[in-house]
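Chains as they are written, first to last, in our numbering: chain A, 1 to 265; chain B, 266 to 530; chain C, 531 to 831; chain D, 832 to 1132.
All the given hints hold, so there is nothing to weed out.
Lysine to any residue pairs mimicking SDA-like chemistry, simulated, CA-CA at most 20 Å apart:
no., chain 1, residue 1, chain 2, residue 2
1, B, 398, C, 625
2, B, 398, B, 379
3, C, 676, B, 448
4, B, 530, C, 609
5, B, 416, C, 683
6, C, 676, D, 982
7, D, 974, C, 680
8, D, 974, A, 184
9, D, 977, C, 678
10, D, 835, B, 299
11, B, 337, D, 1044
12, C, 673, B, 449
13, D, 835, B, 298
The hints are simulated quantities; they were obtained by calculation from the structure and are not laboratory data.
Quick caveat: nothing in here was measured; it's all calculated off a predicted structure.
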Amino acid sequence: MSPTEEMKRNSTVANVRATEIMAAAGARELHDGEVVIVGLGLPEIATVLAKRTHAPGLSALLEVGVMNPIPKDTPVGLGDSRIFYRSTCWSSYLDVMGMNLHRGVVDVGFLGALEVDRYGSINTTLLKQDAGKVRYVNGSAGGNDVASLAKRVIVIMRHEKRKLPMAVAHLTSPGFVGGHSRNELALRGGGPHRVITDMAVLGFDPNTHSACLVSLHPGTRLEEVIENTGFALQIPKEVPATPLPTAEELRLLREEIDPKGVHLK
Amino acid sequence: MSPTEEMKRNSTVANVRATEIMAAAGARELHDGEVVIVGLGLPEIATVLAKRTHAPGLSALLEVGVMNPIPKDTPVGLGDSRIFYRSTCWSSYLDVMGMNLHRGVVDVGFLGALEVDRYGSINTTLLKQDAGKVRYVNGSAGGNDVASLAKRVIVIMRHEKRKLPMAVAHLTSPGFVGGHSRNELALRGGGPHRVITDMAVLGFDPNTHSACLVSLHPGTRLEEVIENTGFALQIPKEVPATPLPTAEELRLLREEIDPKGVHLK
Amino acid sequence: MANKVKSVSEVVKTIPSGAHIALGGFAIARCVITVVHELIRQQKRDLTISQGIIGLDTDLLVGAGLVSRLIMGGGSLDRFGPAHCVNRARESKSLRCEDYTSLSICFRYLAGALGLSFIPIKSLLASEVLERLEAGPAAGDVKRSKCPFTGEEYVLLRALTPDVSLVHVQVADPEGNCRIDGPRWENEEEAKAGRRVIVVAEEIVPTEYIQRSPERTIIPGHRVEAVIHQPFGAFPTAVFGRYDYDADHLRMYVNHAKEPGRVKEYLEKFVLGCRDHWEYLDKLGGLRRMEELRADPVSGY
Amino acid sequence: MANKVKSVSEVVKTIPSGAHIALGGFAIARCVITVVHELIRQQKRDLTISQGIIGLDTDLLVGAGLVSRLIMGGGSLDRFGPAHCVNRARESKSLRCEDYTSLSICFRYLAGALGLSFIPIKSLLASEVLERLEAGPAAGDVKRSKCPFTGEEYVLLRALTPDVSLVHVQVADPEGNCRIDGPRWENEEEAKAGRRVIVVAEEIVPTEYIQRSPERTIIPGHRVEAVIHQPFGAFPTAVFGRYDYDADHLRMYVNHAKEPGRVKEYLEKFVLGCRDHWEYLDKLGGLRRMEELRADPVSGY
Chain A
1 MSPTEEMKRN STVANVRATE IMAAAGAREL HDGEVVIVGL GLPEIATVLA
51 KRTHAPGLSA LLEVGVMNPI PKDTPVGLGD SRIFYRSTCW SSYLDVMGMN
101 LHRGVVDVGF LGALEVDRYG SINTTLLKQD AGKVRYVNGS AGGNDVASLA
151 KRVIVIMRHE KRKLPMAVAH LTSPGFVGGH SRNELALRGG GPHRVITDMA
201 VLGFDPNTHS ACLVSLHPGT RLEEVIENTG FALQIPKEVP ATPLPTAEEL
251 RLLREEIDPK GVHLK
Chain B
266 MSPTEEMKRN STVANVRATE IMAAAGAREL HDGEVVIVGL GLPEIATVLA
316 KRTHAPGLSA LLEVGVMNPI PKDTPVGLGD SRIFYRSTCW SSYLDVMGMN
366 LHRGVVDVGF LGALEVDRYG SINTTLLKQD AGKVRYVNGS AGGNDVASLA
416 KRVIVIMRHE KRKLPMAVAH LTSPGFVGGH SRNELALRGG GPHRVITDMA
466 VLGFDPNTHS ACLVSLHPGT RLEEVIENTG FALQIPKEVP ATPLPTAEEL
516 RLLREEIDPK GVHLK
Chain C
531 MANKVKSVSE VVKTIPSGAH IALGGFAIAR CVITVVHELI RQQKRDLTIS
581 QGIIGLDTDL LVGAGLVSRL IMGGGSLDRF GPAHCVNRAR ESKSLRCEDY
631 TSLSICFRYL AGALGLSFIP IKSLLASEVL ERLEAGPAAG DVKRSKCPFT
681 GEEYVLLRAL TPDVSLVHVQ VADPEGNCRI DGPRWENEEE AKAGRRVIVV
731 AEEIVPTEYI QRSPERTIIP GHRVEAVIHQ PFGAFPTAVF GRYDYDADHL
781 RMYVNHAKEP GRVKEYLEKF VLGCRDHWEY LDKLGGLRRM EELRADPVSG
831 Y
Chain D
832 MANKVKSVSE VVKTIPSGAH IALGGFAIAR CVITVVHELI RQQKRDLTIS
882 QGIIGLDTDL LVGAGLVSRL IMGGGSLDRF GPAHCVNRAR ESKSLRCEDY
932 TSLSICFRYL AGALGLSFIP IKSLLASEVL ERLEAGPAAG DVKRSKCPFT
982 GEEYVLLRAL TPDVSLVHVQ VADPEGNCRI DGPRWENEEE AKAGRRVIVV
1032 AEEIVPTEYI QRSPERTIIP GHRVEAVIHQ PFGAFPTAVF GRYDYDADHL
1082 RMYVNHAKEP GRVKEYLEKF VLGCRDHWEY LDKLGGLRRM EELRADPVSG
1132 Y
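Given the sequences, and given the hints that come with them, work out the whole structure.
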């Protein structure tokens, strides 16, 4: 990433960080009473923010077998005891991923990604480098399961051309593969719903199933988004601005949810 | 049952009740370190006796999700809290019947029965009466599962002609159905091994898979057994006598395991 | 979070006649008697009942003539006697009964709980249990097949996904997080297979109490639609750690259940003749009797 | 009852090279480090490892060159970095790796634990994860099929039945009755799928303690072949309620793991250079360091 990009990412729009806009935008996608399976990092931050504001009845599940934790310290991963704190249930993969996700009662799957393509398919397995060299990363873990089975999938990631390619280097977790409907793909889950980046919020056209622009973050120009997207984004005539986090949302994020700025830096 | 039969059943041979001979004979069929799924009544009594004597390392599982209970009071059924007392594990059907029995780690299934036929198939579902009238009873519960999957099956029951018919009125739990090997029947478990009655211990011929006489209880005449068996029992030239319970076995049965004589009456 | 505590009458009002109801009781233990009585008072008819081991709960519903179809593994009232009403209804062919086994019912619930439309099993083979299912109206729920990897012969079972799954638990919080003390038989799978999950709790505790030992939570709150708070709600059946079964009352029930006429008598007196569960408990001896049967903390009965 | 408490060295002697070993660790939590180190000291080669989420345990075994086949759902060392040794071995094609997903590994263990040779699943479809499995040496373990009742498309998975299943638990009795505090991920299914089950316990308690809360027993003693008693046996990974992970050591490990040469260095110093787990713990700071990382009873870390 170039210094200027770095600058931009960490620079503030009305003293708001891009990560804070992302967290708030993510939180707004979650409705009270829903069941959400969350990955660590910004997805978890956004979920906690939603729970502390408009969605107190949200149920947050972690694939390891943890429900509704209220961590007081920032965990480094899903196996970190910090994320088990004050939960309402400690069970198992079989319970969370089998008896909830596969059962069909999970409304939202909230994921991170290495690459997302125009049809919302996700790569978390490998990167293809020059001379056909391959670099492996973490693999699917619960990603493919969540993308296949959750009623809707929300991805939070950085907006870079190489991270938003025409087609992912490895199709780890299916979106609307090849532009097909989920039905045609024999997948139960509703598929990708939002991709929240540090520049914009993307959605998917109900007909073409191709990614479209939903809103632009304040301070980001449309051209920047187009430049930094590896495929042709459908652009509506009127592009609304992503609402900035409210003062209360910012207070919660900065003072209570991630005071050390581990994920919001 | 006629008064004389009643008399005989409750009369004593060297002051030993038939039920006590049955319990001791059942206990001797269990080896130390084995895993046994037990039904309530004499099977449980025999299992406790084995545990207290030659098989301290026996693991006793109850289908409801109870392991190695040490009841101090006599339960009326598997749902009775009395049978949960001092267990090493409380889990579920899925664990006991799925992750143990279906997994193939249960050595012995210890059952009661309404009828057992010459091939060791069990009926616990219904009785056919005159004029084709049917009377329903308890059904399979775990019986069919245990008979299908345990490495060997032991049945304890009263010896009456109508309870040991040529063919059961309803084949609830398969033995060597039609004289076929368990392999031919696509069943994993080894099938019937012993039928312990108040007159004798029966086994099954490895070739014909038909019931044969293993031993006669002291005080019972061979003719009685033949009279009271609804099919042609294979009789060896030499018929050994079922060993009587030892003094210590009797003491345990009468003073500690079933002092109120609920099952040994 | 949501407070899901509701009265049994308002909850039962939401259960339509013709519904498939899964019962979590086992013979004479943790039967949802308070809901069963209300179903009878509200005369919910044409019910399909599924259950691993039937007991007093199912026998009462069948005795009241509300059940048209029964999917079960077996059962009775243990040493107190057979399920007379169920057996009699079967003999008179007024009840369609599909006999499975403990494990096959458990597997059918497991499949439902996991969102699998089918699951294989190695019991039932070479038995009349399977033959009767294949020959009867349940033919579409079982299918002989082979493992695609080993070629081994299996029976495939269709998942059970009851319209309403009922479970009686010792402890729940207002959001529906539930604990079950003692063995759980097939309750976890039965509950999680349900399209709707309704629990009856002996005791309601604050969520903070649940958070102190989250590993004890068997059914998470977000799966539960309603929590009915009814102490002694399973009476006269036993609830481990809370109270013992009432042997006298069970004997008396079985004596009534033997004869159609006297079942009616029992229902008139102890169900239809009671405004609610409290009045029923009073008829059974009230506080004094309940205290006699209250479990001691060491034995749990 | 039998006393199954054995030393790690005598237990590892019974594990042959070429064995399929299932690991119960998760990234940086409850990894069976004491067994992993002994496997390296005894140079058990050509191992097949299966695991839901790989972590330090698998990265050490692969770094030591003992693994020829890896069946996994994914994994890393969380924020401390990727599993460098595993990723590098894959890139150099010196490791045959079969990529599944968390749930498909869990279902494969579940099938194994239930004695089912196959189980259906609705993930993997329309993904390159499935395509690569079908195209590779794992082709015989997955099969597309349809539900015989609903016609819905499924992937059928072959059961996983490891030769040896390893799990790190907080509490066990001498017979092998085990408790796991905190979330259990796929440990119950992984353990019960094993042909042999070996547990490492932080603490050995009398059976009477187990009998006081039998509902906490996750793995029953009769399924366990051996219990290895090793306090801080998962160090430097975390054990909920007992101790936190050692962030400094994990960072140091990842820095070594980045380069093949330095992995060797790490193994020389902390594994091959240690007679046993106690000597290893001393090298990591001994009692003083362990006390620094000991969990507080409220937070569990």
